[in-house]
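Q: Here is what each chain is made of, one letter per residue.
Protein chains: 2
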Amino acid sequence: MNEQTFIYGLPFRSGLLECADTTHTASQLVSTSSPPIALRQPEKKRREVRSRTERRQQLIDATIRCIAQHGLSATTMQLVTREAGLSLGIANLHFQSKENLLTETLLHVTREYNEGLLRIVSDEALHSLEASLEQLLDFQLSRGVTHRQKMAVWFAYYGEAGARPVYQRICSTSDRLAAKKVEELFAAVIREGNYSDRDSRQLATGYLAMIDGLWLSLLVAPRDLNKARAKAVARAFLHQAFPKHVC
Amino acid sequence: MNEQTFIYGLPFRSGLLECADTTHTASQLVSTSSPPIALRQPEKKRREVRSRTERRQQLIDATIRCIAQHGLSATTMQLVTREAGLSLGIANLHFQSKENLLTETLLHVTREYNEGLLRIVSDEALHSLEASLEQLLDFQLSRGVTHRQKMAVWFAYYGEAGARPVYQRICSTSDRLAAKKVEELFAAVIREGNYSDRDSRQLATGYLAMIDGLWLSLLVAPRDLNKARAKAVARAFLHQAFPKHVC
DNA sequence: CGTAAATGAATGTTTGTTCATTCATGCTGG
DNA sequence: CCAGCATGAATGAACAAACATTCATTTACG
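Protein chains in written order, with the working numbering: chain R, -4 to 242; chain V, -4 to 242.
It should be emphasised that the hints constitute simulated quantities derived from the structure, not laboratory data. Every value quoted in this text rests on a predicted model; they were computed, and no experiment measured them. For every residue, glycine included, the Cβ atom is placed at its ideal position computed from N, Cα and C.
Straight-line alpha carbon distances no greater than 30 Å define the calculated BS3-like cross-link-like pairs of lysine-lysine that follow:
no., chain 1, residue 1, chain 2, residue 2
1, R, K145, V, K93
2, V, K226, R, K175
3, R, K226, V, K226
4, V, K226, R, K222
5, R, K93, R, K145
Per label pair, the in silico range of CB-to-CB distance:
no., chain 1, residue 1, chain 2, residue 2, range
6, V, T168, R, N221, 17 to 27 Å
7, V, T141, R, N109, 33 to 43 Å
8, R, L113, V, R196, 31 to 41 Å
9, R, S82, V, E110, 45 to 55 Å
10, V, D192, R, G188, 17 to 27 Å
11, R, N109, V, V161, 32 to 42 Å
12, R, D133, V, L113, 30 to 40 Å
13, V, P238, R, T71, 47 to 57 Å
14, R, D133, V, D219, 21 to 31 Å
15, V, S46, R, E107, 48 to 58 Å
16, V, R42, R, E110, 58 to 68 Å
Take a look, some chain V residues computed to stay more than 12 Å from chain R by CB distance:
no., residue
17, R51
18, Q52
19, A79
20, S92
21, Y108
22, Q130
23, R138
24, E179
25, A183
26, N189
Using the sequences and the accompanying hints, generate a full structural model.
A: Structural data, given as structure tokens:
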């Protein structure tokens, strides 16, 4: 057949296509030296058109996976777009620049975390305060692989936040919101349990710092700390603070 | 004179030197458009020879400052060597590669921290346990700018540790040692105070996680948390754990 | 004067970004 | 119902800038 409708732009590229059959036969003949995975057909890779929003989400997800696996400094446009199964230029098409893509990715992770936290704290009225505290523990230390990836991303940005005002602002804004909500929850618990000598702000700061630190350990030294033990440690803190409500 | 002893390798470079006087006069004539700082003489920069150990330390210090100020991903060889006031090639001369320089820098910071911690914990016999706990708080939350820079470096590497086995091993080894020492101290306190329901390992894990988290907040959101309040939060934790020994 | 430290221009590689070109899709007039 | 056209999403080769590393050459010091 050798359809000539597909040219793909460049003269020498079309030249390659013209002798495509020959090339493939040749590469299959030397299959002993090349890994079988590499042998799967180029497959012509049918181009699919999706909406701007869909593509942006697809690229952000790929960025999260790349950062979690290769680190922030090794995350290149080539890596991200390949991970997303798309072409090199597409990230710049939808995000203007790499910097923008990275910022949007941080915003996405941050927003997701805060929405989850808000859902728990705003359920206060429906459930008991005991249940809210238990849900908080679950949310922060019981999620699956996805959550782990998100946390890896979070800390990758934290590491650069000292030098990048944009990251610093996003992270600190998120932290502030979380601190406010947890402090409100703790204040309600203190009222209900008459823990008159406790300070809700100080406890919230300490608790959230401990959660951050536990996640750091989980990421850096997963052999020395697992989620179950981390959860036990956090629970012990809450038990010390609110003995009538936790444990 | 026009000495030809200075060639500096390249033909066009020596050409530049030949007409150096003319060039300088010209640039001084257009001084209105160029900033006065750039006008200070090239100064011929007298070359100084130092021992290998001295230069290595000088380069590690410069690397720490660069990472703290610009972040790990923006730390280039040019930046580091310029910060050290040396030439571009010198880092490769003393450290073989950039990767090596970065690893050695992390090891330096890590070692320094652990030595400081060990000094406190090993003084147990001389001072009271109360004093040891107080010293621990001081050491971890009362140091000056230098300590802050070190912590910025620490977290920059933490962020990449998930993807780089070398960093991960250094960080986790350091963490493990610190955890062991703090746990021993806490165990002694528990014995002395008869806090029979406390678990030294769990308390050490929680305390160190909280310290890490507090440092993260200090770095990312210095407006929301200062060292005094962070210290108060950590002290409150120790007071809850060992009421007879702290506060 | 010999040796080892120091220099910085040159090199080859990797990176983000651009843009001419290709193509899928929905619409319009026949 | 569909041919043909307009629109903008998608592609990837090319490009320029930035990067770590090399090494011929210069210089300090014993």
